[in-house]
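4 protein chains.
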Amino acid sequence: MEKAKAFLELTQGESDRVSSLAFPPHRLGTECSFYEYYSLRGIRVDRIEPGQVFCTFKVPPRLTDREGKLASGAIANLVDEVGGAVVYVEGLPMNVSVDMSISFLSSAKAGDELEIIGRVLGQKGGYSGTSVLVKNKTTGELIAEGRHSLFGKHASKM
Amino acid sequence: MEKAKAFLELTQGESDRVSSLAFPPHRLGTECSFYEYYSLRGIRVDRIEPGQVFCTFKVPPRLTDREGKLASGAIANLVDEVGGAVVYVEGLPMNVSVDMSISFLSSAKAGDELEIIGRVLGQKGGYSGTSVLVKNKTTGELIAEGRHSLFGKHASKM
Amino acid sequence: MEKAKAFLELTQGESDRVSSLAFPPHRLGTECSFYEYYSLRGIRVDRIEPGQVFCTFKVPPRLTDREGKLASGAIANLVDEVGGAVVYVEGLPMNVSVDMSISFLSSAKAGDELEIIGRVLGQKGGYSGTSVLVKNKTTGELIAEGRHSLFGKHASKM
Amino acid sequence: MEKAKAFLELTQGESDRVSSLAFPPHRLGTECSFYEYYSLRGIRVDRIEPGQVFCTFKVPPRLTDREGKLASGAIANLVDEVGGAVVYVEGLPMNVSVDMSISFLSSAKAGDELEIIGRVLGQKGGYSGTSVLVKNKTTGELIAEGRHSLFGKHASKM
Chain A
1 MEKAKAFLEL TQGESDRVSS LAFPPHRLGT ECSFYEYYSL RGIRVDRIEP GQVFCTFKVP
61 PRLTDREGKL ASGAIANLVD EVGGAVVYVE GLPMNVSVDM SISFLSSAKA GDELEIIGRV
121 LGQKGGYSGT SVLVKNKTTG ELIAEGRHSL FGKHASKM
Chain B
1 MEKAKAFLEL TQGESDRVSS LAFPPHRLGT ECSFYEYYSL RGIRVDRIEP GQVFCTFKVP
61 PRLTDREGKL ASGAIANLVD EVGGAVVYVE GLPMNVSVDM SISFLSSAKA GDELEIIGRV
121 LGQKGGYSGT SVLVKNKTTG ELIAEGRHSL FGKHASKM
Chain C
1 MEKAKAFLEL TQGESDRVSS LAFPPHRLGT ECSFYEYYSL RGIRVDRIEP GQVFCTFKVP
61 PRLTDREGKL ASGAIANLVD EVGGAVVYVE GLPMNVSVDM SISFLSSAKA GDELEIIGRV
121 LGQKGGYSGT SVLVKNKTTG ELIAEGRHSL FGKHASKM
Chain D
1 MEKAKAFLEL TQGESDRVSS LAFPPHRLGT ECSFYEYYSL RGIRVDRIEP GQVFCTFKVP
61 PRLTDREGKL ASGAIANLVD EVGGAVVYVE GLPMNVSVDM SISFLSSAKA GDELEIIGRV
121 LGQKGGYSGT SVLVKNKTTG ELIAEGRHSL FGKHASKM
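Residue numbers (full-length UniProt numbering), protein chains in the order written: chain A, 1 to 158; chain B, 1 to 158; chain C, 1 to 158; chain D, 1 to 158.
This is chain A alone, in the form it adopts within the complex (with noise of 0.2 Å):
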C-alpha cells in the first residue's frame, strides 16, 4: 500500500510547493475554465483547410511528467481539445466525448516545437470522427496518434 502511496498521494513537501496557487472559479458555459487555460495556453492555429485544422504548441514546462517529458495527459487532452476544435469548425454536432485512443509513439520535452493536426474522419448520425496527429516539428517525428469521437446530443435540431 505504501508503493501505491508513494506513486500517486503527493508528499507534504510537494503540497507545499504549490499551495499557494489559487486556482479562480469560471462562469460555466461561458468562460474557458482554469483546466483548458492550464492545458492550452500558448497554442496557436496556423491554418485550416476544409475538415483539418493544424495548430502549433511550444512544450512548456507545466505539462511536463516526473521526467520532464510532456505528460501522456497533457497529449490526451490535446486530442481532446483539438479534435473537439475541428468538428466544431466544421460545424458537426459535438456535445459529448464518447471515446478517445491514443498511441504513444515517441516523447517529447520541454521547449519542443509540435505541430498538431486535428482531422475530420466522417460522420454518421449525431456522431463524428476525428483523428489528431502530435509531431515534433522539427524532425517531423510521429509523437503519438489519437482517435476521439464525439456525439452531438441534440443531433436532430442541426
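Accuracy of the hints is not assured; some may be wrong.
All copies of an identical chain are treated as equivalent in the list; a pair is satisfied when it fits inside any one copy or across any two copies.
[Stated by the list, open to error] Keeping only pairs whose Cα atoms sit at most 30 Å apart, straight-line, the calculated DSSO-like set for lysine-lysine is:
#1 K5 / K109
#2 K124 / K58
#3 K135 / K124
#4 K135 / K5
#5 K135 / K58
#6 K3 / K124
#7 K135 / K109
#8 K58 / K137
#9 K58 / K3
#10 K109 / K137
#11 K109 / K124
#12 K124 / K137
#13 K3 / K137
Honestly, the hints are just simulated from the structure, not real lab data.
Since the structure of chain A is already known, use the hints to place chains B, C and D on it.
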C-alpha cells in the same frame, strides 16, 4: 479560422486571470512534477488487493471544463496515473505508455466523489495491460472505463 | 512489393485448397450470414445476469491463424458479437458499431475452452458502451479485453 | 436468455446450410490458415511506398453480416492483417498484436471496391504502431480507421 482560434486559443482576459500563477520547476526523476500535482492532488489510495488498487478522489474545480464537468483530459490523466500505479505496485515493467483508450459513459461535476479502480489485466513480455474504472462513489454509476498499456524498456533485465 | 504480396495475397496452392467451398447467400435481415456462422458456430450462452452475458466457446481450428493461435480478427469478432448481444438483451439501441478497441493479453489455441463475458458499461443518449472479456476457462487467464461502442440510429424512437 | 441465444447461437437450419463445408487443416507456421484465406482472399497489393502499403479489396459476400454490410469483425481482420503487412514489409519486429482500436465511420456492401492503406506510425523499442484506413475506392468515403500495435518478442535480436 476565427472559430478555431476562439475554440482553442485563450483571450487576453482569460490569460490575465491566471497570469500571476507561477509553476515551479521540479528536479527530474526525483520529484513529482507540477503536472502530477495538478492532476492528482487529493487522490487517496484506500485499499490494495492482488492486481488491484482502489482510490477515491473528490472532483476539484481545477479539473473541470467549460461546462463545469470533469474534463475528458483529466479523466485520461487518472487512467494514465492509476493504471501506472497498479503496474508499479505489482512490480511489473512500466517505463513507457504505449496505448490508452477510454470510453466516456457519463460525467462528474466538482465536488462529486469518485471511486477509481485500477486493475492489471495481464502481461506479455515487457508489456502490461491495465484497466481503470472511474465511478461515481455515491451512485455507483460508471463515468469512464479506460485501458492503459505500458511497455518496459528494459524488459530483458526484469 | 513481393514481401507484401507474400504476406497478404494467397498463393495458387492455397486458393486451390479451398476453391471448392461455396458460401451460400442469405436473406438480408432475416437470416444469419455465412460470416456469422463462420465466426460464431459453437458459441454457447450459459447464463444471463442483469447487464451481463456469459458464454463458452471452444476454439475451432477454422479460426486459427498461421501459428495455430486464435486469430486476432476472430477475437475482434467475438468482442463485436458478444458486445452486441448484451446490448440486444438489455433492449438498448444498437444499430451501428462506432468504436471497438481490444488489448490482446495472451493467446488461445484450437481446442482451448474460452469463457466470454459481455457487460454493459453504460449508456448515454443512443450510445451504449460494452466490455467483453475473453478468458481461458480452464486457467482463468485473460486472453483479451475489448470495448465495443454501439450507437442506435433511431434513438429518438426508443 | 432466449434473446441472447437467438442473437448468438445458430439455428439448426443455419447450421445445415453450411454443414457440408470442410475446413482443411494447415501446416503451422508454413501455410496460410483457412482463416487467413477466408478473410483475405481477393485482396491485392497495388503499391508500396516507404512506410506505406496500398491495397484494393472487393467486398465478398462471405464477409457480410445479417444486413449485408461488411462485418465489423471483417474490418478488424483487415486492420490486423494490413497493419501486420506494413510492419513486415518495413522489417520491424512484429510477433504479437498487443492493441487494436477501430472507428467505424460508414459501411460497405458486397461488391463495393475498397482501398486499404496501411502505414507505419512509429516505433519504440520492439513496439510498432500502425494505422490502417479502409475507404470506398469509388467515392473516397472513409469506412473505418484503425490502429494496430504490434510487439516483437525477440526485439533484442533485431
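Right, here's what the structure says about each hint:
1. K5 / K109: both (27 Å within a copy, 25 Å between copies)
2. K124 / K58: between (34 Å within a copy, 23 Å between copies)
3. K135 / K124: both (28 Å within a copy, 15 Å between copies)
4. K135 / K5: Answer is between: at 20 Å across copies they meet the 30 Å cutoff, but 34 Å inside does not.
5. K135 / K58: Only inside one copy: K135 and K58 sit 11 Å apart there, 34 Å across copies, limit 30 Å.
6. K3 / K124: This pair counts as between: shortest inter-copy Cα distance 23 Å, intra-copy 45 Å.
7. K135 / K109: within (12 Å within a copy, 33 Å between copies)
8. K58 / K137: The answer is within: 9 Å in one copy meets 30 Å, while 38 Å across copies does not.
9. K58 / K3: This pair counts as between: shortest inter-copy Cα distance 21 Å, intra-copy 34 Å.
10. K109 / K137: within (13 Å within a copy, 36 Å between copies)
11. K109 / K124: between (37 Å within a copy, 16 Å between copies)
12. K124 / K137: between (32 Å within a copy, 19 Å between copies)
13. K3 / K137: between (38 Å within a copy, 24 Å between copies)
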